[in-house]
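Student: Take the sequences, apply the hints, and build the full model.
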Amino acid sequence: DVKVTQSSRYLVKRTGEKVFLECVQDMDHENMFWYRQDPGLGLRLIYFSYDVKMKEKGDIPEGYSVSREKKERFSLILESASTNQTSMYLCASSFEGWDTGELFFGEGSRLTVL
Amino acid sequence: KQEVTQIPAALSVPEGENLVLNCSFTDSAIYNLQWFRQDPGKGLTSLLLIQSSQREQTSGRLNASLDKSSGRSTLYIAASQPGDSATYLCAVTGGSQGNLIFGKGTKLSVKP
Numbered sequence: 001d002v003k004v005t006q007s008s009r010y011l012v013k014r015t016g017e018k019v020f021l022e023c024v025q026d027m028d029h030e031n032m033f034w035y036r037q038d039p040g041l042g043l044r045l046i047y048f049s050y051d052v053k054m055k056e057k058g059d060i061p062e063g064y065s066v067s068r069e070k071k072e073r074f075s076l077i078l079e080s081a082s083t084n085q086t087s088m089y090l091c092a093s094s095f096e097g098w099d100t101g102e103l104f105f106g107e108g109s110r111l112t113v114l
Numbered sequence: 001k002q003e004v005t006q007i008p009a010a011l012s013v014p015e016g017e018n019l020v021l022n023c024s025f026t027d028s029a030i031y032n033l034q035w036f037r038q039d040p041g042k043g044l045t046s047l048l049l050i051q052s053s054q055r056e057q058t059s060g061r062l063n064a065s066l067d068k069s070s071g072r073s074t075l076y077i078a079a080s081q082p083g084d085s086a087t088y089l090c091a092v093t094g095g096s097q098g099n100l101i102f103g104k105g106t107k108l109s110v111k112p
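The listed protein sequences correspond, in order, to chains A and B. Note that our numbering gives residue 37 to position 37 of the first sequence, counting from 1, and the numbers run on in steps of one. Note that our numbering gives residue 32 to position 32 of the second sequence, counting from 1, and the numbers run on in steps of one.
By construction, these hints were calculated from the structure, which means they are not laboratory data. Careful, some of the hints might be misleading.
In silico DSS-like cross-links for lysine-lysine, where the CA-CA straight-line distance does not exceed 27 Å [as the list claims (entries may be wrong)]:
hint: 1; chain 1: A; residue 1: Lys57; chain 2: A; residue 2: Lys70
hint: 2; chain 1: A; residue 1: Lys71; chain 2: A; residue 2: Lys53
hint: 3; chain 1: A; residue 1: Lys57; chain 2: B; residue 2: Lys111
hint: 4; chain 1: A; residue 1: Lys70; chain 2: B; residue 2: Lys42
Tutor: Next up, the structure:
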């Protein structure tokens with residue numbers, strides 16, 4: 001079974017702090033994704049990566065950056081956390097094309113910014 | 001712009017009923033459609049993936065169908081159980097926007 005692991009299930013941070021969310025997958029998938037999920041807005045794509053050191057903006061990249069130094073690891077970085085970034089963050093990975101493959105998700109990271 | 005709609009937003013049924021969840025999309029040029037389950041506070045679990053060339057997929061008590069021309073998919077759950085209670089989301093890939101587009105989900109509650 002594909003396993004996508006997000007390092008932190010719950011985080012509480014203060015406004016202005018730098019936040020790192022880590023995601024690791026164990027199936028040698030080329031593609032990795034970061035989504036945020038908010039009530040009433042559904043899932044929105046922040047960034048994705050289709051190869052090591054490659055990254056592409058999704059629908060809502062503002063205020064976020066990403067890093068993919070190794071194939072299995074994809075990190076989401078909030079340079080200066082703000083209260084409107086309080087959300088559930090979901091990491092996913094897929095094989096095949098970045099826009100066509102079956103997605104496998106991690107358990108999510110619930111971030112609260114005070 | 002691709003839009004994915006799931007109606008109803010919430011559904012409550014007694015245990016044992018067969019039920020259908022609906023998903024519609026506006027751009028029929030999709031590559032595939034995926035159904036997910038999400039338990040409260042958790043990530044998404046992939047249930048079924050239907051390629052655009054397929055009409056349906058089955059897994060246990062779940063059956064998903066796809067009608068590209070009408071822009072619709074249904075998820076059929078047979079003999080529902082309380083453990084099926086969760087939010088079910090559909091998502092389509094491909095189309096003019098490229099990346100996966102999600103519906104907002106149907107929250108299913110199965111009463112014992």
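Student: Each hint needs a verdict: does it hold in this structure or not?
Tutor: Status of the hints after comparison with the structure:
Under the criterion of a C-alpha separation no larger than 27 Å, the hint pairing lysine 57 of chain A with lysine 70 of chain A is consistent with the structure, at around 19 Å. Proximity of lysine 71 of chain A to lysine 53 of chain A is assessed by CA-CA distance (about 9 Å); at most 27 Å being required, the pair is judged to hold. Restraint check for lysine 57 of chain A and lysine 111 of chain B: the C-alpha separation of about 42 Å exceeds 27 Å, so the hint is violated. For a cut-off of 27 Å, the pair hint linking lysine 70 of chain A to lysine 42 of chain B stands: about 26 Å separates their Cα positions.
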